[in-house]
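Respectively, the protein sequence lines represent chains F and E.
All residue numbers for the first sequence refer to this note's numbering, where the first residue is 14 and numbers rise by one.
All residue numbers for the second sequence refer to this note's numbering, where the first residue is 639 and numbers rise by one.
Derived by calculation from the structure, the hints in this document are not laboratory data.
C-beta atoms are modelled at their ideal positions from N, C-alpha and C, and glycine is treated no differently.
One should not assume that every hint holds.
[Stated by the list, open to error] Restraint-style ranges between C-beta atoms, simulated for each label pair: (1) E:S693 - F:V174: 36 to 42 Å; (2) F:T94 - E:Q705: 23 to 29 Å; (3) F:T94 - E:A910: 56 to 62 Å; (4) E:L708 - F:A203: 40 to 46 Å; (5) E:Q766 - F:N135: 43 to 49 Å; (6) E:E890 - F:T94: 47 to 53 Å; (7) E:E761 - F:L44: 44 to 50 Å.
[What the hints assert, rightly or not] Straight-line C-alpha distance at most 20 Å; calculated DMTMM-like pairs for lysine to aspartate or glutamate: (8) F:K254 - E:E719; (9) F:K22 - E:D738; (10) F:K91 - E:D769; (11) F:K255 - E:D738.
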Amino acid sequence: MSAILTVFKRELRSYFATPVAYVFIVIFLVLSSAFTFYLGNFYERGQADLMPFFNFHPWLYLFLVPAVSMRLWSEERKSGTIELLLTLPITMWQAVVGKFLAAWAFIGIALALTFPLWLTVNYLGDPDNGVIVASYLGSWLMAGAFLAIGSCISASTRNQVVAFILTVVTCFVLVMAGFPLVLDGFRAWAPQGLVDAIAGLSFLTHFVSISKGVIDLRDLLYFALMIGFWLYASAIVIDLKKAD
Amino acid sequence: MIETHALGKRYGDFTAVDGITFKVEPGQVLGFLGPNGAGKSTTMKMIAGFLAPTSGSAKVCGFDVEQQSLDAKRLVGYLPEGAPSYGEMTVRQFLDFIADMRGVPAAVRDKRLDDAIGRLNLEGVLEQPIDTLSKGFKRRVGLAQAIVHDPRVLILDEPTDGLDPNQKHEVRTLINAMSREKTIIVSTHMLEEVHAVCNRAIIIARGRVLADATPAELEARSRYHQAVSLTAVNVNAAREALARVADVATIEVDAQDSRITAFPKPGRQIFAAVNEALQAQNIVVRELALEGGRLDEVFRTITQGVAVKEAQA
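Same shape as in the complex, but just chain E (with noise of 0.2 Å):
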């Protein structure tokens, strides 16, 4: 479990993180967002314990990060920003020091590496020296260090930058298979990554919590959510059609595609009404789909908000 209570990190006038609270439970996967700079990293720097706070406290299942610093380390596996490990030495003999560091008991040891090695699928490159490997497989040498003492808590900051789709794919699968037992944070510039690893959002701009809901429900604040979109063969006259339909605010149009997005009345639902009429006119629709909402649209109004209110301030 990690508590945070109006965490914060100041460096002389400049503020990272202005007061951050959330908690995060077992079993959850909570997904750290925000522009460059916002505060992600930080905070999870103060969480892991590398930097001190200057206002507020964190806990690691209940241990303060300063107080009893050592016991919260202890239960936390870490992936700095960069995946940052000591280049000259091979993967194992990595893997090794990380073992010894965490103290890693003998009975377990050869099986918690292996454990490790397997999920990040590193056998091949065990005795190569990491300053020869490609960045994906450094991102997962920084993964599987991580992961060796299979701690309750994982803070991983940008686990899946650099990695092609297929490494992507396999560590967000990782994340999946981890977090039944495990408190997770991962922060992310990728969007789609939210979908398919968490189960909570926190979107954060200049150090502050602008919003914490579950990936659909913020989703739901989307312009887009429950709009229709089409494509239709003679656009003009399903444009037309569309504009009939009682529950539609309002239909814009592609300019390159032509394609047709309806967006409805505040609290109204249109599929079936669309689908109604479409089908009254004899209209010829290529495609139709109901959209969920865009998280990037979301994300954008969120943080840009903010920095246009602070702007007019």
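Okay, chain F solo, but in the shape it has when bound (with noise of 0.2 Å):
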């Protein structure tokens, strides 16, 4: 536990360290208000809640998360200190867990700095503060799950760019997963209980019914198989690719 603790706290320190951070934070704050007030009309649509903000997270993390997550790994593998981390005594699961964790939490501060706009929101109007909370919640599951997908990814190449590129379209299949644009692609020549099991892995229909308010478990449950799905296939990434 204590090693996973250590790299984590390495590895936040280290978005800090670089401009990185503050750059994808200013973006992530910008952006998020900018569609919020522009494309999702808050003001005009005179609801005193949060939907025109949550709305567009998926679209958002779709690009910022996989800038975080594409250095995960592969920077490691570049600069060869992947080779100092897994000769120190950890296991790699504690790795790839530490490191996880600390990108997951620094998009979590990204997204507690939009506080500014829960409270507007409260002195605007009497919004379901219960529903904001979940939707928080959900946000920050969904950005886990992206960056789960982006450490994979990230684990199997060394270069940056590529990791980037790779794990947009990997995310956009699985956001889109619900929708015609994903599932003609299966129809044609699928049965029938596939596409629908296809559909069911669309991250816009659990993160939809979680930004509504409604915490079904299965949908927290969803997300954290995901997360934990796709770590674990970045351990076997790494163990089958450090060699070279």
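Can you join these two chains into the complex? Each is in its own frame, and there are hints to help.
Rendered as structure tokens:
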């Protein structure tokens, strides 16, 4: 446990040692506000909630989370520090989880810094704060799932640009899994059961129900399993690819 | 103590390490020699627990590097090839991180850190990000992280690569100072390093051990072992005098500096006889030396001999 914590602290600190963290946070805050007010018509709707804010999160994460996750492992591999890290007395699992948690906490910080919006909506009206808390939770969980995918893809290449693009594409497919854009590709040949299963993998469906304030155990489980699966895959990929 | 038994690593059809067996005891400094791509680094990576062997086994102080990998890793200090480190951290942050990961007990932590920092002369750069340091300092940071937990086993992959002669000397002194109670493996390209730090050398090529001996024994395999070389005012006269010495097998004259080298017949010593012959004939000699043997020549003979044989096969 202490090994995970040590990796976590080093990793989180390294985000703030370079401009990466500040650039990311500023862009995240600017974009999420811009979407909320201009595309989401925050004022014009005349409703005291943060739906216009949260609705854009899947699309925001689609590009911003891969920018965080792309360096997770590919940088370690490129600089050779992966050899240093994995010859310290820790297990692969501790290394994978420690690094993932640091990235997740970092996105959590960025997300928490959107609190002025929450203050604004409370100032303007009388929103259901339970729904807002649920939405924040759902948004953070979804970011974790994006990150875990990115962790796995980052482990498979030492090129950060490749990691970024592959992660965006993979996440896009998963976000859109419930929509004809993805499903039509399967309907032609796959049995209905498989098509339904793929539709059930959609990030959007699960996120939308949480952000409506409905905390269904199945949605939580979905994101938890998603994170667990992709982290497990990360560990396997690192093990396979560390030699080259 | 480090023990490997038929340790091997294959990548598909390519065999990087082909059944290496050796044992290093505490107090020994083992030099790993070999051409690039010989399997030195791969072997070290397997002992350090980074790569899993595809055959055979390796043990560190009795702990199997695969089955008891955490126990084995705890006892090892490892400097990977190229001395990688987290560039955005300062030297102090980086060493603190390693000490935390290594579980250095709080009671001795400051002492250990000061010791590692002092031994590598890092006091002046402690607060600098590692990225801003010179190559020599980066290598020393890598060495400091390898010794910060006072490990019983040290595995150093090219510890003096990229250092200037003074820094090389310091690192060699450091290795010598630590060699008494530790088991150390050092890989190197520089043959003079073998003399300076190792009391045993293994030559590896194409993943196999070709020689395992003390540096002196390796030198004894050289053609130059017990040869006598000299520079004389009158080269021809000296040459003729040498030719008459009974145990001299061949004589070579260097085309560039006219240095004469007389090679003895196998197992014979010719220094005294040569000296006598020169004095008897009143030949003026500017310099006269007994050759111990040349490691670089032994290295070439051993490693290239394999290549030639395999090409013929």
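Cross-check of the supplied hints:
Range check, E:S693 to F:V174: Cβ separation about 37 Å, and the 36 to 42 Å hint holds. A beta carbon spacing of about 26 Å between F:T94 and E:Q705 agrees with the range 23 to 29 Å that was offered as a hint. Range check, F:T94 to E:A910: about 58 Å between beta-carbon atoms, so the 56 to 62 Å window is met. Between E:L708 and F:A203 the C-beta distance comes to about 45 Å, which sits within the given range of 40 to 46 Å.
About 47 Å separates the C-beta atoms of E:Q766 and F:N135, a value consistent with the hinted range of 43 to 49 Å. Under the hint 47 to 53 Å, the C-beta atoms of E:E890 and F:T94, about 50 Å apart, fit the expected range. Remark: the range hint 44 to 50 Å for E:E761 to F:L44 is upheld by a beta-carbon distance near 46 Å. Pair hint F:K254 plus E:E719 holds up; C-alpha atoms about 18 Å apart against a cutoff of 20 Å.
A hinted pair counts as satisfied when its Cα atoms are at most 20 Å apart, and F:K22 with E:D738 qualifies at roughly 11 Å. At most 20 Å may separate the alpha-carbon atoms for a hinted pair to count; F:K91 and E:D769 meet this at roughly 15 Å. Pair hint F:K255 plus E:D738 does not hold up; C-alpha atoms about 24 Å apart against a cutoff of 20 Å.
Hint compliance for this structure: hint 11 alone is broken.
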